[in-house]
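Chemist: Each chain, letter by letter, is given below.
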Amino acid sequence: MIPELGHFALILTLCLALIQATVPLAGAFRGNLAWMAVGRSTAFGQFVFLLLAFGCLTYAFVTSDFSVAYVAENSNTRLPLIYRISAVWGAHEGSLLLWVTLLGAWSAAVAAFSRSLPPAMVARALAVMGMVSIGFLLFMLLTSNPFERLFPAPPEGRDLNPLLQDPGLAMHPPLLYMGYVGMSVAFSFALSAMIGGKLDAAWARWSRPWTTIAWVFLTLGITLGSWWSYNELGWGGWWFWDPVENASFMPWLAGTALIHSLAVTEKRGAFKNWTVLLALFAFSLSLLGTFLVRSGVLVSVHAFATDPSRGIFILVFLLIVVGSSLAVYAWRAPRIRGGGSFDLLSRESFLLGGNVLLVVIAVLVLLGTLAPLIYDALGWGKISVGFPWFNRMFSIFSPLLFVLLGLAPNSRWKHMDGGQLLRRIWIAGAAALITGLIFGLPFFHGASPLVGLGLALAVWITLANLATLLDRMKHKRSLGALLRQPASYYGMLLAHLGTAVAIVGVTLVSAYSVEKDLRMDPGDSTTLAGYRFEFEGAKPRPGPNYLAQHGIIRVYRGDRQVAVLEPEKRTYLSQTRPMTEAGIDVGFTRDLYASLGEPLSKGAWSMRLYYKPFVRWIWGGGVFIALGGLLAVADRRYRMAVARRTAAAGGGVLKTAGGKA
Amino acid sequence: MTPRRKKRLILVGLLLAGVTTGTALALYSFKQNLMFFYPPSDVVAGKAPAHHAFRLGGLVEKGSLKRRPNGLTVEFDVTDLKKSVHVQYTGILPDLFREGQGIVAKGRLGPGGIFIADEVLAKHDEKYMPPEVAASLKKAHAKGVTTAETQTP
Numbered sequence: 119m120i121p122e123l124g125h126f127a128l129i130l131t132l133c134l135a136l137i138q139a140t141v142p143l144a145g146a147f148r149g150n151l152a153w154m155a156v157g158r159s160t161a162f163g164q165f166v167f168l169l170l171a172f173g174c175l176t177y178a179f180v181t182s183d184f185s186v187a188y189v190a191e192n193s194n195t196r197l198p199l200i201y202r203i204s205a206v207w208g209a210h211e212g213s214l215l216l217w218v219t220l221l222g223a224w225s226a227a228v229a230a231f232s233r234s235l236p237p238a239m240v241a242r243a244l245a246v247m248g249m250v251s252i253g254f255l256l257f258m259l260l261t262s263n264p265f266e267r268l269f270p271a272p273p274e275g276r277d278l279n280p281l282l283q284d285p286g287l288a289m290h291p292p293l294l295y296m297g298y299v300g301m302s303v304a305f306s307f308a309l310s311a312m313i314g315g316k317l318d319a320a321w322a323r324w325s326r327p328w329t330t331i332a333w334v335f336l337t338l339g340i341t342l343g344s345w346w347s348y349n350e351l352g353w354g355g356w357w358f359w360d361p362v363e364n365a366s367f368m369p370w371l372a373g374t375a376l377i378h379s380l381a382v383t384e385k386r387g388a389f390k391n392w393t394v395l396l397a398l399f400a401f402s403l404s405l406l407g408t409f410l411v412r413s414g415v416l417v418s419v420h421a422f423a424t425d426p427s428r429g430i431f432i433l434v435f436l437l438i439v440v441g442s443s444l445a446v447y448a449w450r451a452p453r454i455r456g457g458g459s460f461d462l463l464s465r466e467s468f469l470l471g472g473n474v475l476l477v478v479i480a481v482l483v484l485l486g487t488l489a490p491l492i493y494d495a496l497g498w499g500k501i502s503v504g505f506p507w508f509n510r511m512f513s514i515f516s517p518l519l520f521v522l523l524g525l526a527p528n529s530r531w532k533h534m535d536g537g538q539l540l541r542r543i544w545i546a547g548a549a550a551l552i553t554g555l556i557f558g559l560p561f562f563h564g565a566s567p568l569v570g571l572g573l574a575l576a577v578w579i580t581l582a583n584l585a586t587l588l589d590r591m592k593h594k595r596s597l598g599a600l601l602r603q604p605a606s607y608y609g610m611l612l613a614h615l616g617t618a619v620a621i622v623g624v625t626l627v628s629a630y631s632v633e634k635d636l637r638m639d640p641g642d643s644t645t646l647a648g649y650r651f652e653f654e655g656a657k658p659r660p661g662p663n664y665l666a667q668h669g670i671i672r673v674y675r676g677d678r679q680v681a682v683l684e685p686e687k688r689t690y691l692s693q694t695r696p697m698t699e700a701g702i703d704v705g706f707t708r709d710l711y712a713s714l715g716e717p718l719s720k721g722a723w724s725m726r727l728y729y730k731p732f733v734r735w736i737w738g739g740g741v742f743i744a745l746g747g748l749l750a751v752a753d754r755r756y757r758m759a760v761a762r763r764t765a766a767a768g769g770g771v772l773k774t775a776g777g778k779a
Numbered sequence: 002m003t004p005r006r007k008k009r010l011i012l013v014g015l016l017l018a019g020v021t022t023g024t025a026l027a028l029y030s031f032k033q034n035l036m037f038f039y040p041p042s043d044v045v046a047g048k049a050p051a052h053h054a055f056r057l058g059g060l061v062e063k064g065s066l067k068r069r070p071n072g073l074t075v076e077f078d079v080t081d082l083k084k085s086v087h088v089q090y091t092g093i094l095p096d097l098f099r100e101g102q103g104i105v106a107k108g109r110l111g112p113g114g115i116f117i118a119d120e121v122l123a124k125h126d127e128k129y130m131p132p133e134v135a136a137s138l139k140k141a142h143a144k145g146v147t148t149a150e151t152q153t154p
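If you read the sequences in order, they're chains G and P. Each residue of the first sequence is one higher than the last, beginning at 119 in my numbering. Each residue of the second sequence is one higher than the last, beginning at 2 in my numbering.
If we strip away everything but chain G, and leave its shape as in the complex, we get:
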């Protein structure tokens, strides 16, 4: 009964979405306030019914209702409760439900917090979100219904993919989807503003915090995904340029460009065309990401759906979304007026340069990701694009971006005097140059040009951004002055410093990781990067829903024991596949990492040992970047602006919404 209730809730949501996509839009064209207000009610209604549907599916998982096919395929009575809940989005159907539910949440949030905006603007934006919702609901109801029943119901389920039984992956999809779906807000508002013909500072100011929040979620999702693959895949890598990683990285790149370009549009009124285009791209790339992951067209760890009708549905949907939004752009772009002019040396041109570089990187990643599809479709053979290509492309273009990361915050809007810029940044530049020379030239063992470049860039970004703090404090150096700087400024500072931290991590882990594959008998020891690894042997140890071979490796530095690594090889009872669980000793400056390969003769194991210097810095940097985004959103001026405008608008706006909030 409960699953049918969930199914019914989805159908009702679809009806509401149909209303939301049409009535407010018509209202906006005809100037009918009552029709426009419908959008708010349907947005809340959709969210409520989606929550209901999501609750029903969760209930089916928690109670192990195997008469629901999706539950039977992805759960098991022995699965721990926490993973029974995360299994809701562990595969195709449920993750779509999560997608739509989050879209409902974002729409409801837009409906609730947009009272200070002109009603027509909100009505059009909600209508666009309603259209996106229709697409995904139809997709779910027609091709991938999570509530489909299975007769007769099996006594036991197939269990959740063991790879997904990890706290990191339980949280990874919701975060990533919050980011993907959140980009739909910027998308809807860009379309709405374009249709209304009013791309003004108010639009940019209003879009900024929403885009930043979505981008924060995307950042956290990507960071967590990277950490998860390091932990779970058992080969110590943190980024593989896997199509699915690329699928989340491309919207992130476009989103990063977008939040910077929105800043210019808000402050200076420039780049309007470009900002709108980026908003369209960021969301289109999010959809493309969903398409790549869900359709199974690409070979990947994550690709679960291999039903061609699903792939075609998303492809058609994607074409409609991209096509129609570009059509609106083509129709309206000629009317968009350019903003203030700026000089060659100015914050605008540095931000523009950064934007172009981000887009170039996104396009290259797109090329590398789609090339196998294109080659296959044209009958040129089956190819894959090598990991080194992505690395090389990234290391050619990203350093230029990082140079701009130090220049832009030190420049003024509109016009920057060259001498003044030089005075502000020369210390950072000199320090970076010295760092680069020390680590780049062969003064000591292990120095390499790439290490020099990476560390120099990190020093440059750090010092150049800190220089802006000094500049802001030049009139009054006191704690008070430090505290009076706006939160958004500190957000920028933190995010930029986070980038430097991540660069240090990436550089050092790429240059100085040590890896060893070897055979170890119980009692054997081996030395790696100054640490002695001693294998005690592996013994069987049962888990809740698996049986593990539990290995113990003691690690010594000199005579002192510094860590005990406990890697496991697990065999899940419900399926025959084995799973590697790495044993990791976490450290600020290095990780020690061991994973078991296969049992060889007489208690010996093939084994993989790693020394990973500064690998934590990569994710630490990601977290800093995300925190920077949060700090920027927390800035007082957004809240003050909202409060002021709501007060000015009076109760009238609230009344039309009928007290729905």
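Hints are supplied without guarantee of correctness; some may be wrong.
Said to hold, decoys possible - Lysine-lysine pairs mimicking DSSO-like chemistry, simulated, CA-CA at most 30 Å apart: (1) P:Lys-48 - P:Lys-8; (2) P:Lys-63 - G:Lys-532; (3) P:Lys-7 - G:Lys-500; (4) P:Lys-8 - G:Lys-385; (5) G:Lys-657 - P:Lys-67; (6) P:Lys-48 - P:Lys-84; (7) P:Lys-107 - P:Lys-67.
Quick caveat, the hints were computed from the structure, so don't treat them as lab data.
Keeping the supplied structure of chain G fixed, place chain P upon it in accordance with the hints.
Modeler: This is chain P only, laid out in the frame that chain G set:
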């Protein structure tokens, strides 16, 4: 030309030049980093590149897996049910590697037609068969090669 226009032109010129050089570089390097996929039949027929890395995919032939003592070197045959290629690999095999399973190996041809792999991939789903492997098996199948071993992927 006003000074403002001149500055704009310089900016646009700089951007264009940068993007063009970048793209040219990217495309040139792209061609060199492409890795083609070949089934064993093509490798035996000499269609695979002799001096360039490629990917080989197929099923691990039953009973062909041999492990050398005191090391991590393994040898096995990869087949598309028509022809098979001998593969040598030193390192840790993926969790899902087993005889009869579809795999993809990256590497290059060594002396004597042996494929020296530096990476072996088996996918993280036991029902899963890498699409290229499935497609090449289907092709072999269509040409009238049938064995009991062809389980539906």
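Chemist: Out of the numbered hints, which ones does the structure contradict?
Modeler: 1, 2, 3
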